[in-house]
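Same order as they appear, the protein sequences are chains A, B and C. Just so it is clear: in the first sequence, position 26 is 65 by this note's numbering, and no numbers are missing. Just so it is clear: in the second sequence, position 51 is 93 by this note's numbering, and no numbers are missing. Just so it is clear: in the third sequence, position 160 is 161 by this note's numbering, and no numbers are missing.
Honestly, I wouldn't trust all of these hints.
[Unchecked claim] Label-pair ranges, simulated between beta-carbon atoms:
(1) VAL371(C) with SER178(A): 26 to 36 Å
(2) ARG65(A) with ALA369(C): 16 to 26 Å
(3) PHE375(C) with TYR149(B): 13 to 23 Å
(4) ALA195(A) with LEU362(C): 30 to 40 Å
These aren't lab readings, by the way, just hints derived from the structure by calculation. All residues carry an ideal CB built from backbone N, CA and C; glycine is no exception.
This is what each chain is made of:
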Amino acid sequence: MTGEQVIFLIVGAVTLIAGLMVVTVRNLVHAALWLVATLFGVAIVYTLLNAGFLAVVQVVVYIGAIAILFIFAVMLTRRQAAETGASVNPNWLVGAVMSVLTFAGLVYLLQTWSGFSKQAAAIPSGFDAINQLGNALTSPTGYVLPFEVASVLLLAALVGAVYLAFNKK
Amino acid sequence: MNEWLYVGLFFIVGLIIPAGAIGAGWLFGPKKPNPIKQSTYECGIEPVGEGWVQFKAQYYIFALVFLVFDVETVFLFPWAVRLGQLGMFAVVEGIVFILILVAGLVYTWRKGMLEWA
Amino acid sequence: MNFWNDPLKVAADWLTGIFTGWGMPSVGANVLVAFLGVLMLITILMVIDIFLVWIERKVVARFQDRLGPNRVGPFGLIQPFADIIKLMIKEDTTPDGADKVVYNIAPLLSMMSVLILWAVVPLAPVMLGVDLNAGVLFIIAAGSIGTLSIIMAGWSSNNKFSVIGAFRQVAVMVSFEIPMLAVLLIPTIFSGSMGMNAIIQSQDIWFIFLSPLAALIFLIAAIAELGRAPFDLAEGESELVSGYNIEYSGMKFGMFYAGELLHAFTFGGFWAIMFFGGYRFFGLEKVSPFLAIVIILFKALLGYWVIMWVKYTVMRIRIDQMLAFNWKFLTPVAFVLVMVTALMNALLRGAPSWLFITGMLLSNVIVAWVSMEFVRSAARQEREKVEGLKQVAEAHH
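Construct the complete structure from the given sequences, taking the supplied hints into account.
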């Protein structure tokens, strides 16, 4: 086993445990903090894949913005709501079975893929992922349209959020 | 070797050294807790109610607006890196991208969501 | 290659030789050497941090027409060590009802989020730390961890003041992240890279001359990110006593305090890297890496001094003013500046450098002037509204 594999196994295990804690702890702020740990674990997995840009974006967007949003949302509630109340609903067994089935299905699908057991090819030297990404996002033969549509999507999200908040008042 | 290994080392050492400093403080400091000392500080009078404060919904709105702009600006970085080698087309693309989002900011502003009230 | 030209490599090679000589595998030896290097850098940073306390106290004293520490040692130089001993022998209290684990992790994360920033700081042309190709975004990512540590500290202390302080601080930090991200696009556009070293290398002309407005917006956003005056409403001594760190004592408080000073110094360094050529100073950096380190630390110190200057000159602002200033002024201006810079960069490509500089500078001046005109007219409307209300009130009398 190489050093990277050892790190991957440790990080993977910690990420999974943290993910499990998110759905099982009773205190909502603790759940949000465990979620941060999970997201950070995913960021480390990105760095192991040499996807540094993605890892940094993961931290900036998910930990810096989405986790903060979660914690703000929790703090808007009253303490009783955040710390008491059942943390599972009666359908949890069905949910667990479904997620196990989905995972098994994914593993089965991946097993039929030829690249599953192969070592990834080494990244050629001088390869700059951000440059490639910038090219892909801006060249007319690349992903210009999705790039602009992403902007419209974000606009829609903003307008929707403002509309909801406005109506509540 | 993966350059992120060094960043990982920074994370680890960056935790060890402050932990060492706090550990030294724990070692040398007195430990004489008593109920009055342990009570939370509210300018010397006895704490009223619990420490949990319910917040204005306004914090949440600002966090939402922030989230949208955060994601948008992150999208712009690969564009900015390549800008030197690309033509006018790419510049216009980026400007359209920003303008669509600025329209969102103007909408939020007009709806009065940026007021702290 | 001798020690004078590339000390880090010479030292690393020497140490790796020793470790492999002991029968260690070369990968293990490399990792161990890297670990020792990081340990050394962070230790030096902590020592610098100690003297930052002295500098801060001395400078604030001068601003307030006092002498500052001058009893312990020459010029009070030993004062910060006395401070540390005091912090160390203080009792480490934990308030009732605190969330112990979160409460203890928060100061560690706070300090770590500052220390990891130095992973991407290029100290000299041959001493880069890690030259990440996403270096610019790394600053923001580390800031996210800092934001999180403040929420954790405020929430876990089980104190109303600390929760309010933490939330104000987080609102400031996340809001000002947007203009900061936007102006960080500008050095990226000029240099065609997000790596710190590439940004420094492409500054044959310092970027401050190309985009002074971007430098100014970066400074303002950095001060807000640091939570220093005029954006220190999270501490708000007059109403919140000390904000998110109110329940912390001893060395844990020391971590927040030292973290804030080092953070300010670090952002002085980033200001220098982005807009003032980093370790470059008329070719002096090529003489020796040691000289380059002196240059960048001096520039970082100057940036730190500017941040202190602002802190001890300007009054604290309210949260509504702060948010309005950010979302209604700074963010739109930053985005307009990005658009104008991108456009000018494309239009002036291939132009002689004097034309490029003049064009960029002119576009900056125009953006600044137009935005000031907007502010002026908004202020006029506001005044007229207030005047109108006054007249209505007087008519009722």
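Comparing the hints with the structure gives:
1. Taken as a hint, the range 26 to 36 Å holds for the pair VAL371(C) and SER178(A), whose Cβ atoms sit roughly 33 Å apart.
2. A C-beta distance of roughly 53 Å is found between ARG65(A) and ALA369(C), which places it outside the suggested range of 16 to 26 Å.
3. Checked against the hint of 13 to 23 Å, the C-beta distance between PHE375(C) and TYR149(B) comes to roughly 18 Å, which is consistent with it.
4. Restraint check, ALA195(A) to LEU362(C): a C-beta distance of roughly 38 Å satisfies the suggested window 30 to 40 Å.
Consistency note: the structure conflicts with earlier hint 2 alone.
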